[in-house]
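Position chain B against the provided structure of chain A, taking the given hints into account.
One-letter residues, chain by chain:
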Amino acid sequence: MKTAPSAIFLSALILPAALADDDADDWSVLLKQRHLVAAGTYQDYVDHEGSRMSFAPIPEGGSEFELWAIRQIPGGLESRLLDTENVGAYLPTGTLEVITMDPYDEGTPRTRIDQGFQVIYSVDGLLPSDPDAPLAARQVLLDHNIATYTAGYEDDNLGPEASFHQTLIMKNGRDELVFIPSNIPGSDPYTDAGVEVFRLYALPDGEIAQLQLAEAKVNVWPLSEASFGGLDGKDTFRTVPEITVNLKNLYPNSTTWVQYYPGSEKLGTKGTTLSDSAIVVKDRVPRDSVLKFDRIGETITESGVYTLEVLTETPFGIERLEYTTITVQKDLVVRGSVNSLTEE
Amino acid sequence: MKSSALIPLAVLGLVPTVAAEIKAAPSAEEVNARRQTGTTAYHRAGLKVPAKKVEVRLQSADLMDTTRILVGPNGYTLVPADSVVATGRLLTLAKEAPASGKLMRWEEFIRVHRAGLRMITVSDEALAGGEVTKGLKNAVSAAERSGLTAITVYNNNPVSVPKLISSSKS
Numbered sequence: 001m002k003t004a005p006s007a008i009f010l011s012a013l014i015l016p017a018a019l020a021d022d023d024a025d026d027w028s029v030l031l032k033q034r035h036l037v038a039a040g041t042y043q044d045y046v047d048h049e050g051s052r053m054s055f056a057p058i059p060e061g062g063s064e065f066e067l068w069a070i071r072q073i074p075g076g077l078e079s080r081l082l083d084t085e086n087v088g089a090y091l092p093t094g095t096l097e098v099i100t101m102d103p104y105d106e107g108t109p110r111t112r113i114d115q116g117f118q119v120i121y122s123v124d125g126l127l128p129s130d131p132d133a134p135l136a137a138r139q140v141l142l143d144h145n146i147a148t149y150t151a152g153y154e155d156d157n158l159g160p161e162a163s164f165h166q167t168l169i170m171k172n173g174r175d176e177l178v179f180i181p182s183n184i185p186g187s188d189p190y191t192d193a194g195v196e197v198f199r200l201y202a203l204p205d206g207e208i209a210q211l212q213l214a215e216a217k218v219n220v221w222p223l224s225e226a227s228f229g230g231l232d233g234k235d236t237f238r239t240v241p242e243i244t245v246n247l248k249n250l251y252p253n254s255t256t257w258v259q260y261y262p263g264s265e266k267l268g269t270k271g272t273t274l275s276d277s278a279i280v281v282k283d284r285v286p287r288d289s290v291l292k293f294d295r296i297g298e299t300i301t302e303s304g305v306y307t308l309e310v311l312t313e314t315p316f317g318i319e320r321l322e323y324t325t326i327t328v329q330k331d332l333v334v335r336g337s338v339n340s341l342t343e344e
Numbered sequence: 001m002k003s004s005a006l007i008p009l010a011v012l013g014l015v016p017t018v019a020a021e022i023k024a025a026p027s028a029e030e031v032n033a034r035r036q037t038g039t040t041a042y043h044r045a046g047l048k049v050p051a052k053k054v055e056v057r058l059q060s061a062d063l064m065d066t067t068r069i070l071v072g073p074n075g076y077t078l079v080p081a082d083s084v085v086a087t088g089r090l091l092t093l094a095k096e097a098p099a100s101g102k103l104m105r106w107e108e109f110i111r112v113h114r115a116g117l118r119m120i121t122v123s124d125e126a127l128a129g130g131e132v133t134k135g136l137k138n139a140v141s142a143a144e145r146s147g148l149t150a151i152t153v154y155n156n157n158p159v160s161v162p163k164l165i166s167s168s169k170s
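So the protein lines, in turn, are chains A and B. The first sequence maps to residues 1 to 344 in this note's numbering. The second sequence maps to residues 1 to 170 in this note's numbering.
If we strip away everything but chain A, and leave its shape as in the complex, we get (with noise of 0.2 Å):
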């Protein structure tokens, strides 16, 4: 059976280093030793170098350490976290990895609704065969919870998180878990967004979470939409109107174009681009958009059926996020009271 050490040795190097900009000498250093499992948190002032033993000895259940440095201001205290640590016999370690499909590395990681995600985790320390082990040896929590976009994707419009799924974990070792789609809750992917939150949970008195071991979290974007505009309802021009596409939540790593190519529509036909009408998404968040072209009538001047096509690569691939099939005749006569189509 492991044993828990009576007390250990304590060391800080905290000043300047974490207060750079700050007048060292405006602020003391608190350490506290909180019991994990339901018993006292002692405190007391330290120097901001040093070493000392904890307060107590380190119980069965564990210590949490705080390292606090405080100072008076006008009007009030100011208080800064500067360091946290866990001490205990049985307090497991563990690691948790979101890995998607977009090599975006700037930030939280993130993908799409529809494309799900790996979830990564390993755990150590646990002593699943010992039978003299306490429970909070034998098992961590994992705890799922998701916050969904109120309006907008910036971080403000983030709701509270609300719990998707718990679970334990009863065995040392790296395994993975797989989330096709997305949890993200709602009925509409091309609105539906949010963060998917992973925590690894110590319980160090084998039933309250409150020991965190990692975290991993995942931005999930809804799916990208686009719409043709300037046709009126017509499928036959002497000469191609000016057009429009109004693109929605496009993709943060993605580039958006139109082609086209002669014929009815057949998904996977390579077309010619529409050269000025490519947009480059590299952001945080989706965006919008709107792709204008009043000279496509000098680029397909030939009468037949085509079709045009939205694609957008992304790190999931090329997509065609819509498509309409139009008939050019140069030759177009129209009589009669079809004010629209009166062109001789």
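In short, the hints are calculated from the structure, not lab data. Take these hints with a grain of salt, some might be off.
[To be verified] Pulled a few chain A residues facing chain B out of the computed Cβ check, cut under 8 Å:
1) 53
2) 72
3) 143
4) 147
Using N, Cα and C, we set each Cβ at its ideal position, and we do this for glycine too.
Just chain B, lined up with the frame of chain A:
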């Protein structure tokens, strides 16, 4: 973090070339049909669901979540929340630092406010979560009657003893 960037390709002199297969974008119906199976990943991995929902207490980055301010006529000091077991006439307990007054270290605070304080020494056992003894309960009752502010201490430093607080409330 990059800011918004919608860049017309023509500006960059780039024209997309379609090398990969063009697929149909998924429809809402297709995505929604697959969204019904959210927790199957856990079942597939053979992970156990707790018998009842586990309570999660997140660590706070706010010192005042676990700390209180003990305010006297000559200044104030920080003590662990629940370490003050009785409030007397001379000293008050607050959740926020007063706008004026001097922040004092504990040693200095007790030196200048000794007349209004009673310190109750607690044992290792009580601090490790053991049952609160009758002697400790009596000491708290006596402090409450005395009109002094009573605070539990260990090695002369303020400490909180959650079981003492819960037993006094019951």
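Evaluation of the provided hints:
The interface hint given for residue 53 of chain A is broken, as the beta carbon of that residue sits about 11 Å from the closest beta carbon of chain B, more than 8 Å. For residue 72 of chain A, the suggested interface contact is upheld, since its CB lies about 4 Å from the closest CB of chain B, less than 8 Å. Evaluation of the residue 143 of chain A hint against chain B yields a held restraint, the C-beta minimum of about 6 Å falling below 8 Å. Taken as an interface hint, residue 147 of chain A does not check out: its beta carbon lies about 14 Å from the nearest beta carbon of chain B, beyond 8 Å.
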